[in-house]
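Spelled out, the chains give:
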Amino acid sequence: GDVLVFAASSVKEALEEACDAWSERSGNRAVISLAGSSTLARQIQAGAPADLLLSANENWMNVLEADGLLREGTRTDLLANSLVVIAGDPAADPLDLLSPDALATRLGDGRLAMALVDAVPAGIYGKAALETLGLWNSVAPRVAQADNVRAALALVAAGEAPLGIVYATDARAEPRVGVVATIPADTHPPIRYPLAVMNDAGAPAAELARFLAGAEAGEIFRAHGFEIPAQGAQ
Amino acid sequence: MTLGLSAEAWAAVGLSLKVSFWAVLLSLPLGIATAYLLARGRFPGRQLLNGLVHLPLILPPVVTGYLLLLTFGRRGVVGAFLYDTFGIGFAFHWTGAALAAAIMAFPLMVRSIRLSIEAVDPGLEQAAATLGASRLRVFGTVTLPLVLPGILAGTILAFAKAMGEFGATITFVSNIPGQTQTLPSAVYAFLQVPGAEGSAIRLVVISVVIAMSALVASEWLARRMARQRGAT
Amino acid sequence: MTLGLSAEAWAAVGLSLKVSFWAVLLSLPLGIATAYLLARGRFPGRQLLNGLVHLPLILPPVVTGYLLLLTFGRRGVVGAFLYDTFGIGFAFHWTGAALAAAIMAFPLMVRSIRLSIEAVDPGLEQAAATLGASRLRVFGTVTLPLVLPGILAGTILAFAKAMGEFGATITFVSNIPGQTQTLPSAVYAFLQVPGAEGSAIRLVVISVVIAMSALVASEWLARRMARQRGAT
Amino acid sequence: MSLSVELTHRRDGFTLQAGFESPDGVTALFGHSGAGKTTVVQAVAGLLQPDAGRIAVGDWVLQDSATGHWLPPHRRRVGYVFQDGRLFPHMSVGRNLDYGRRMNRRARDPAQERRVLDMLGIEPLLDRHPAGLSGGEQQRVAIGRALLSTPRLLLLDEPLAALDAARKEEILPYLERLRDEARIPILYVSHSMAEVARLATHVVVLREGQVLRSGSASQVLSDPATVPALGPQEAGALLAVRVEQHHEDGLTTLATSAGTLLLLGVAAPPGTRLRVRIPAHEVILALEPPKGISALNILPARVLALRPGDGAGMMVQLESGTDRLLARITKRSALALGLEPGRECHAIVKSVAFARSDIGAGGAV
Amino acid sequence: MSLSVELTHRRDGFTLQAGFESPDGVTALFGHSGAGKTTVVQAVAGLLQPDAGRIAVGDWVLQDSATGHWLPPHRRRVGYVFQDGRLFPHMSVGRNLDYGRRMNRRARDPAQERRVLDMLGIEPLLDRHPAGLSGGEQQRVAIGRALLSTPRLLLLDEPLAALDAARKEEILPYLERLRDEARIPILYVSHSMAEVARLATHVVVLREGQVLRSGSASQVLSDPATVPALGPQEAGALLAVRVEQHHEDGLTTLATSAGTLLLLGVAAPPGTRLRVRIPAHEVILALEPPKGISALNILPARVLALRPGDGAGMMVQLESGTDRLLARITKRSALALGLEPGRECHAIVKSVAFARSDIGAGGAV
Ligand SMILES: Nc1ncnc2c1ncn2[C@@H]1O[C@H](COP(=O)(O)OP(=O)(O)OP(=O)(O)O)[C@@H](O)[C@H]1O
Ligand SMILES: Nc1ncnc2c1ncn2[C@@H]1O[C@H](COP(=O)(O)OP(=O)(O)OP(=O)(O)O)[C@@H](O)[C@H]1O
Ligand code: MOO
Ligand SMILES: [Mg+2]
Ligand SMILES: [Mg+2]
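Protein chains in written order, with the working numbering: chain A, 1 to 234; chain B, 1 to 232; chain C, 1 to 232; chain D, 1 to 365; chain E, 1 to 365.
Hints may be right or wrong, so weigh each one.
Facing chain B, from chain A, some residues (calculated, C-beta under 10 Å) [said to hold, decoys possible]: (1) 9; (2) 40; (3) 45; (4) 47; (5) 90; (6) 91.
Calculated lysine-lysine pairs in the DSS-like style (CA-CA distance at most 25 Å, straight line) [claimed, not checked]: (7) 168(D) / 291(E); (8) 291(E) / 291(D); (9) 331(D) / 291(E); (10) 331(E) / 291(D).
If we take Cβ atoms under 7 Å as the criterion, some of the chain B residues that face chain A in the derived model are [unchecked claim]: (11) 74; (12) 81; (13) 189; (14) 194.
Derived by calculation from the structure, the hints in this document are not laboratory data.
Backbone N, C-alpha and C define an ideal beta-carbon position, used for all residues, glycine too.
All chains should be modelled from the sequences, with the hints used to inform the complete structure.
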């Protein structure tokens with residue numbers, strides 16, 4: 001039968017491709033419902049008929065796990081990602097994040113586009129990284145927070161903000177922006193996309209979960225810029 | 001004719017039409033009744049009712065969706081009752097999208113109708129009463145027909161709003177292709193992919209064309225009614 | 001009195017009030033003019049104007065926000081011109097939030113006013129003309145005062161909508177605490193975080209109280225106007 | 001059936017306190033603009049709930065504030081012709097006319113419909129909408145709508161004011177028939193004494209919300225004391241007469257209590273009881289019956305009272321047989337003729353002096 | 001100033017094709033309901049743009065479809081009293097009255113305001129709103145509003161229909177003064193011949209959108225051929241007279257071309273030119289002047305023409321001095337008196353037979 005996958009919006013294309021591959025193989029269909037991680041989590045709390053959840057937000061996954069909504073032992077960190085600083089010009093000069101003034105100087109009176117720094121994962125990680133780098137206090141007043149990473153990306157792509165902090169995967173997909181710096185992974189908690197099978201899910205769901213964690217799907221995710229975390233890192 | 005859109009996208013168009021149609025059709029009687037109460041009623045709690053009707057307009061749509069989820073969700077008070085008693089389920093079903101659209105469009109519908117009712121000359125209703133029409137029949141034979149252009153306008157406005165509703169819908173019934181993925185949800189999904197703006201724009205154009213056609217048709221109908229009344 | 005809300009949340013409340021106030025106030029003259037054109041005008045392109053006005057209602061708010069970004073952004077056609085010529089910038093500024101709110105609320109405002117204008121007896125305008133009033137003065141002395149309750153209703157409706165606007169605003173001007181973080185943006189942020197529902201709900205209640213007060217006040221004012229006219 | 005009204009209603013600046021009983025037929029409400037006529041009519045229709053009062057048609061009580069009884073408008077079966085039209089703009093004239101029948105779920109009555117359409121001359125308008133009608137056309141349709149609802153009580157608020165004399169002439173006989181045959185009580189607001197005299201069995205004169213005079217039409221109209229309230233040109237007596245004979249030259253003799261009157265163009269068959277209004281200013285007084293004169297009616301009369309007016313006029317009340325007459329002459333003539341109470345004289349009235357609107361069908365006077 | 005109107009306008013089912021010239025003063029538009037009177041008035045006001053036509057007041061052209069000239073309503077300075085009130089509901093009566101002055105940016109004229117307020121009796125209403133007024137009160141305010149806008153042209157569409165006789169009597173002299181002193185052309189729609197005769201210098205009879213008759217008031221009204229269009233009770237001649245003397249007993253002698261008339265209650269000083277309407281049905285014919293009779297006016301006359309009516313009536317046109325008179329008598333009387341063209345006789349009219357509304361001030365007849 002069909003498998004209903006609830007997935008964070010930011011994994012749309014990669015997940016679709018992987019699911020298509022699985023459908024061809026298994027003859028089952030995967031239906032993907034995309035929304036923000038918090039929305040998905042709340043819907044599952046309210047009894048949504050999801051079979052699988054691929055979230056971009058570990059906190060919400062923790063909540064669902066605590067509520068006993070996840071099938072025991074099925075939670076894995078399926079994907080990992082990294083943060084980059086982008087500029088609205090594909091050929092922009094690289095930026096040295098270790099120099100204390102470089103970011104602020106490059107911004108000038110422009111804005112640094114990020115996802116919501118206290119609510120949305122990409123924003124939370126970005127803020128953590130800037131704090132670790134000792135840059136947060138100087139740029140905080142210049143941060144423009146979008147409701148999700150894609151919106152932050154759009155602000156930079158449209159030339160509205162000179163710089164932005166987004167996932168590496170987002171930066172790859174948008175030709176109007178260029179990566180000017182990669183944020184060191186050790187400046188923020190690891191960026192993980194947890195996957196879990198829901199309690200009421202049928203057999204095909206577990207099968208899809210296994211497929212997504214397998215090598216073939218891994219290739220597809222890598223092709224879209226995601227990283228595959230070492231297993232057992234939950 | 002695919003206009004470069006996937007079957008999924010076309011399914012979203014079809015679903016949005018279905019959702020908006022039923023949302024508007026089923027909420028219309030309630031909308032007319034509420035508008036009449038607000039326009040002509042003198043009862044305690046009128047202001048409360050008025051406020052309640054406007055609530056979806058005031059709240060950020062996400063909040064409305066969230067409240068719907070809490071109320072009409074499978075574990076919500078009303079939702080559980082309806083499901084257990086009548087087998088009616090809204091959660092994650094297209095009917096839920098219709099409910100969300102209806103609630104979001106309701107204030108607009110009621111506003112339009114109410115203004116038209118207030119513009120009806122009470123002298124005409126009095127005249128009908130002296131000719132033997134009970135309050136109900138006065139409403140049916142005088143008030144309602146005079147308000148028809150307003151009802152038409154309100155209905156189409158509500159339809160247009162329902163076609164564009166996104167926040168409450170995605171929060172309440174999620175974004176399941178073929179089941180709850182309406183046109184705006186599909187647009188949202190496309191917007192999540194850099195470079196898919198083309199598809200998003202094509203969908204938006206379709207939605208605009210549909211809503212505009214409805215608007216223009218309703219304007220034309222309203223003028224026709226007015227003209228018919230105006231002379232000969 | 002903090003009601004358990006942070007200074008930042010209170011700033012959002014204040015900003016939303018400011019944004020909604022200016023959005024409504026500045027769009028009002030244009031709203032009245034547009035409503036008048038749509039109600040009484042007979043010109044080619046009337047239907048086009050009508051459609052344009054309704055666009056923000058039909059489009060998913062995110063799309064409207066995106067279009068605003070493309071048009072009024074710093075690199076947008078209009079935005080660049082306004083910035084270079086008058087130094088008016090919308091990007092990441094509360095004025096941009098007001099612009100977004102105004103545009104989203106505009107169809108509601110125009111609808112209300114237009115319906116009231118259509119309810120004005122043209123016989124009264126004719127009478128004013130025979131007494132020497134030019135078209136403009138007929139409008140100012142007869143049409144406008146008669147339409148005042150409709151304008152009031154439309155204004156408050158627009159205000160309520162502006163208070164609740166989220167999608168277009170955050171897409172266009174993002175969320176900068178103290179500058180563009182409106183009440184709905186703050187609510188949205190709270191809703192993203194597990195366990196912050198309490199703060200979200202407190203903010204929602206504040207927003208509802210404000211909008212409801214405005215609605216009730218406007219109803220009361222409209223009734224007063226009607227009563228004053230009705231007798232003595 | 002009798003109409004009994006007793007009302008108290010306060011509005012700022014205006015207090016209505018009016019009570020009258022009209023034994024039968026048509027009650028004319030007379031009074032200056034703003035006197036409260038429409039207010040009374042609205043209360044009878046149930047469109048205005050007065051502070052206190054009792055309204056009854058025969059023993060059918062429409063309202064009694066003592067018992068708290070109040071019948072809603074749609075149960076009162078009134079045919080109300082409003083001062084301001086109030087046609088339904090979304091219905092054709094035909095559907096407007098048919099509305100009352102439909103609301104009361106009655107079968108069509110084609111003969112009645114034909115009568116009303118012909119009388120009002122509105123057949124050509126049936127498919128039109130009210131917005132396209134002239135002022136008088138609208139009023140005619142409004143009258144038709146009220147009549148076709150087969151009311152038990154007719155309320156007419158200046159129904160004929162917008163119509164020309166010829167049209168009035170066609171409608172008045174129909175109202176007379178309604179009064180006499182269908183025996184529907186009619187409350188009639190009008191500024192025209194000719195209309196009032198022709199139709200009314202009872203006249204109520206209102207003034208600033210109070211009843212100034214109320215009584216039978218003949219009493220109120222032939223009483224010189226009423227003259228100031230009506231205006232001297234409107235004064236005149238009502239005579240009950242019987243049709244005697246139609247002559248070949250088109251004249252008709254009418255029998256009065258004191259002799260015969262010769263009138264032109266009376267259509268009723270011999271034996272019919274009619275009412276004739278003789279306006280006071282139409283009556284000439286002579287001591288001897290004159291000769292070689294075109295006026296054909298000479299009634300013997302005796303002076304009852306003389307009431308001088310403000311100016312040069314004088315109102316003379318006469319007894320002729322058992323009828324009362326009013327004559328308005330100049331003081332100079334009264335002096336020249338030596339008129340005084342008890343004096344015998346002759347009242348001369350032209351045959352053509354009776355406007356057709358002064359001749360009403362049947363009814364008590 | 002003269003008013004010249006030439007109009008063609010088609011509506012489905014109705015075609016207006018009317019042209020008339022009225023040399024000066026008041027033009028009465030007379031005609032059945034639906035004849036097109038309001039349509040003409042609206043075209044003159046500029047509220048209806050006729051298919052073709054020319055409208056001018058003196059040499060001020062309001063519209064000329066030949067040249068494409070068309071003056072918008074607010075530039076025409078018309079004072080229009082609508083058949084249906086149209087007071088501004090959001091303004092007090094006072095502000096309604098003041099509206100025209102404000103729109104034309106003129107200074108207040110307290111004397112004029114006082115005159116109009118007193119005449120219409122609307123001073124107590126100044127602070128009220130139209131919705132709270134009775135039908136007649138609304139109409140009076142509408143008249144006041146039109147008058148106070150100091151118009152160059154007055155358009156009155158049945159302005160007095162809702163008013164009682166006493167109130168009409170107060171308003172008519174004012175309209176006469178406007179006509180004579182301010183020399184404002186007035187287009188006057190009315191169903192009342194008394195009003196028309198009193199005011200009109202010119203009468204236009206419309207019928208189904210066509211001009212049936214148009215001419216000076218005295219011509220149209222004293223022409224027996226007009227009778228069918230007006231109705232026999234409305235027929236009557238207009239006489240130009242001069243006030244001669246006021247007597248102690250309140251009577252006034254008026255000089256006519258053939259003798260004197262004795263009337264009551266004429267207020268104008270000796271020498272004033274007046275117009276007097278003598279309704280045809282008020283005139284008695286006699287071969288010899290009668291004696292011992294209360295009627296005080298006996299004018300020598302000569303029969304010009306006899307025009308039998310449909311029934312028993314006969315219309316007699318008389319020449320008395322240079323004036324024309326109309327008398328309506330029975331065929332039987334005509335036979336008995338042996339009336340025929342050329343025959344000398346006496347026309348007898350009671351002094352009180354002149355309704356006050358039949359006596360108009362000045363103006364040409
Ligand atoms: N708006 C309209 N549309 C179409 N026909 C109309 C309209 N107004 C009036 N008519 C028609 O035009 C004709 C003339 O109307 P008009 O109002 O001029 O009559 P009138 O002489 O003023 O009558 P009344 O004395 O009843 O007021 C009538 O047949 C009427 O039905
Ligand atoms: N809705 C109202 N509110 C307050 N006062 C009113 C209202 N309607 C009428 N009046 C007042 O009540 C009084 C009586 O009005 P009504 O309409 O009964 O007069 P009417 O005798 O019918 O006069 P007309 O002959 O002018 O129609 C008037 O003084 C009027 O101003
Ligand atoms: O996919 Mo998210 O919820 O925008 O981080
Ligand atoms: Mg009245
Ligand atoms: Mg008319």
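These are the hints, each one checked on the structure:
1. Among the interface hints, the one on residue 9(A) holds; its C-beta lies about 4 Å from the nearest C-beta in chain B, closer than the 10 Å criterion.
2. About 7 Å separates the beta-carbon of residue 40(A) from the nearest beta-carbon of chain B, less than 10 Å, and the hint is met.
3. For residue 45(A), the shortest C-beta to C-beta distance to chain B is roughly 8 Å, which falls under 10 Å, so the interface hint holds.
4. Interface hint status for residue 47(A): upheld, as the beta-carbon distance to the closest one in chain B is roughly 4 Å, under 10 Å.
5. At about 13 Å, the closest approach between the beta carbon of residue 90(A) and any beta carbon in chain B exceeds 10 Å, and the interface hint on this residue is violated.
6. Taken as an interface hint, residue 91(A) does not check out: its beta carbon lies about 18 Å from the nearest beta carbon of chain B, beyond 10 Å.
7. The straight-line distance between the Cα atoms of residue 168(D) and residue 291(E) is roughly 39 Å, outside the 25 Å bound, and the hint therefore fails.
8. For the suggested pair residue 291(E) and residue 291(D), the alpha carbons sit about 10 Å apart, so the restraint of at most 25 Å is met.
9. A C-alpha spacing of about 17 Å is found between residue 331(D) and residue 291(E), which places the hinted pair at or below 25 Å, so the restraint holds.
10. Restraint check for residue 331(E) and residue 291(D): the C-alpha separation of about 17 Å stays at or below 25 Å, so the hint holds.
11. With a least beta-carbon distance of about 4 Å to chain A, the hint placing residue 74(B) at the interface is held under the 7 Å criterion.
12. Checking residue 81(B) against chain A: minimum C-beta separation of about 14 Å lies over 7 Å; hint violated.
13. This hint holds: residue 189(B) has a C-beta 5 Å from the nearest C-beta of chain A, less than the 7 Å allowed.
14. Interface restraint check: residue 194(B) against chain A, minimum CB-CB distance 4 Å, threshold 7 Å, status holds.
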